[in-house]
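Novice: Given next are the chains, with one letter for each unit.
Number of protein chains: 2
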Amino acid sequence: MSTDTTERMRIVTRSAGAGELFQLFRDGRPRTRTELATTTGHARSTITSRLEALLSSGLIAPVGEASSTGGRPSTSFAFNPSSRVVLAVDLGATHARLGLTDLAGRVLAGSEHAINISDGPDAVLSWVAEIGRDLLDEAGRDLADLMCIGAGLPGPVEHSTGHPINPPIMPGWDGVDVPGILTGHLGVPAFVDNDVNLMALGEHRHAWPEKTDLLFVKVATGIGAGLILDGQLRRGAQGAAGDIGHISPDNELTTPCRCGNIGCLEAVAGGGALAAELREQGVDATTSSDVVALARSGNLPARHAVRSAGRLIGTVLASCVSMVNPSLIVVGGVLAESGDHLIAGIREVVYQRSLPLATQHLRIVTSRTGAAAGILGASMLAVDEMLSVEAVDALAG
Amino acid sequence: MSTDTTERMRIVTRSAGAGELFQLFRDGRPRTRTELATTTGHARSTITSRLEALLSSGLIAPVGEASSTGGRPSTSFAFNPSSRVVLAVDLGATHARLGLTDLAGRVLAGSEHAINISDGPDAVLSWVAEIGRDLLDEAGRDLADLMCIGAGLPGPVEHSTGHPINPPIMPGWDGVDVPGILTGHLGVPAFVDNDVNLMALGEHRHAWPEKTDLLFVKVATGIGAGLILDGQLRRGAQGAAGDIGHISPDNELTTPCRCGNIGCLEAVAGGGALAAELREQGVDATTSSDVVALARSGNLPARHAVRSAGRLIGTVLASCVSMVNPSLIVVGGVLAESGDHLIAGIREVVYQRSLPLATQHLRIVTSRTGAAAGILGASMLAVDEMLSVEAVDALAG
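Protein chains in written order, with numbering that gives the first Met the number 0: chain A, 0 to 396; chain B, 0 to 396.
Some clues are possibly wrong.
Which copy? The list can't say, so a pair holds if one copy fits it or any two copies do.
What the hints assert, rightly or not - Below, a list of computed lysine to any residue pairs in the SDA-like style, where the Cα atoms sit at most 25 Å apart:
1) K210 x G369
2) K210 x S296
3) K210 x V333
4) K210 x P255
5) K210 x T160
6) K210 x I164
7) K210 x N165
Quick caveat, the hints were computed from the structure, so don't treat them as lab data.
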């Protein structure tokens, strides 16, 4: 073996250990060198050199002295989530939320904007970078503090590349290297996923971390779901898992859908469908938000429409419950804000239609993280990638 | 720290390392001490003591000399899958298959029997133990060689305990400690799961190990599915994931199902439903096997019934495809043997109804492992549990 190879091997081995050691700290608990040596079974000298690499990366910081049974007090070390920041981006068709978070997902600054996703990737993503710089200023942080970017898009995204694939409501975005463009603007790695996947991730980690099997359903103009099984987001083979908006709840339905098929859930129970239904009854409604406002204000046709939509969504979710057996269904998206009418319709059908074994411990609830779900999830996605064993090895190497 | 604690810690640490080291060998490739030290970054002395523990357990054996660039030749070590055997059990309502396999899932002996699951757990499980002993004899192995038992049951099984929960066709089995009873008979750990989950596992590992997202559908008297996502079997919160037999493919259907609901997939497309439909047309058919034999022999009503069943199953699978985005659907169970009629009906509806992104790389095929899927999966389940990091630590400790 040449000296070069041996030297490379030594470096790889040292930094490989740093990433592994770092994972122990992600629960936030401080640990001493002795504890780390005991937990890992590694020699103290190994622990010391790996800790040094992590300290120099800033990810780990000393946190005062641990109590000791006498003698010299031992220093404890802990994850330092404020060492770096993350730009979290949640892009919708006509609306965007951006946030700057620390590495634990705490939002340090944030803003909301009306946008038009069909302006295309060049315009939208350079605007995102601009707002990102503003948020850094607002939070009093430098561009050098930015570790990574996480972004959600309102369409299917190929997980391995972060590229949108045939997104129906994003003209000009098909196959575009969104992570590459964002990295070009801000000089840090970027990670991109479908918006509903990120909402599921944000809601799961922030509100229900103890649940291992959870289905997050977004009901807005579009309808989609994010699937957590065995504690992790499951995206399926092409990243299209959870795409329930184009399942038909009833073979008799013939309403045309923007996807080209007929009778899709989204075409009969999405916000646009409900607004159209209300207009036919002479009620003034254009957007999902109009429908929500009407239902909340006591408009009976609106309440009836939302409840019926809940039943149609419930029919599809009953199949999903049989298929994946979640212990929790979380309903989010703007239509979830229309009081209890949506969720009442969903519960009615799911509990009637699914097998007792699958529903006896099943809860169906409204989202706790609400409109913030998307940016919380975007931050988590990026942080998980950047703080993986291999990525920390590289940072500490 | 007391000497006792220190000593216990040393032992835990040593054996912990053995389990971890062993995982490297599961791919079957032999490795030298030097390779192991390089791969793990551990000192040669650590590798040597962990290897000794694995050699004494019999799981690892020396496999001759590795080629060397001169000097003393180095010994290689490899996983020794024939060191121990596994009893694999696939119980159906009226039929059982048992097999003795090595730790790599090679079947060393096997047998098939007519049984009656409603004889209850005491009778059935003591009979299983008896056949298990016969198979050991047949393969020329001792009871001491038996490492563990894996068993599939034709009903829902709680994954954490291995107990059947409200199994509809297994009177007397509800909540019974099946693993405990099997262990009582044969003195080794036993692992129990739903039969379709085990068929999915067997088919995946033996025939499609490179596919990460796969749906296995069993079509027989009952209909059920097993779900592989990100390379692992996903069971959901109560172990009921994949229970698609009680999803209704059409809201208009009113056929009563044995589950108490109406219009379930199993009640309209299961083997019993098809036999009943044929009898109404004056065709002599009682069981799923009768339907298969008729379809294979060219009986047109039977072929028509199987194709229609395929369409109904396809309607439900189209929703599953949207929900979990598999890249492969494998159709197994006895009705899959009725020529191409079943799968043709399934393909017809799935490709018509699902989104292009989810179907562009989707294949729908007939099971390759056929009737052996269940025992192959039962063996894998048990071996995976017994050869996990923690379990090997215990064996080698």
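Novice: From the Cα coordinates, with 25 Å as the cut-off, is the pair K210 and P255 best called within, between, both, or neither?
Specialist: neither (37 Å within a copy, 35 Å between copies)
Novice: Treating 25 Å as the Cα threshold, decide for K210 and G369: within, between, both or neither.
Specialist: within (18 Å within a copy, 36 Å between copies)
Novice: Could you figure out if K210 and N165 sit no more than 25 Å apart (CA to CA) within one copy, between two copies, both or neither?
Specialist: between (33 Å within a copy, 23 Å between copies)
Novice: One pair to classify: K210 and V333, alpha carbons no more than 25 Å apart. Within, between, both, or neither?
Specialist: within (24 Å within a copy, 37 Å between copies)
Novice: With 25 Å as the alpha-carbon cut-off, assign the pair K210 and I164 to within, between, both or neither.
Specialist: Cα proximity of K210 and I164: across copies only (21 Å, versus 30 Å in one copy).
Novice: If the cutoff is 25 Å on CA atoms, where do K210 and T160 land: within, between, both or neither? Let me know, please.
Specialist: between (29 Å within a copy, 19 Å between copies)
Novice: Treating 25 Å as the Cα threshold, decide for K210 and S296: within, between, both or neither.
Specialist: Close neither inside one copy (34 Å) nor across copies (51 Å); limit 25 Å.
Figure legend: structure checked against the earlier numbered hints; hints not met, in rising order: 2 and 4.
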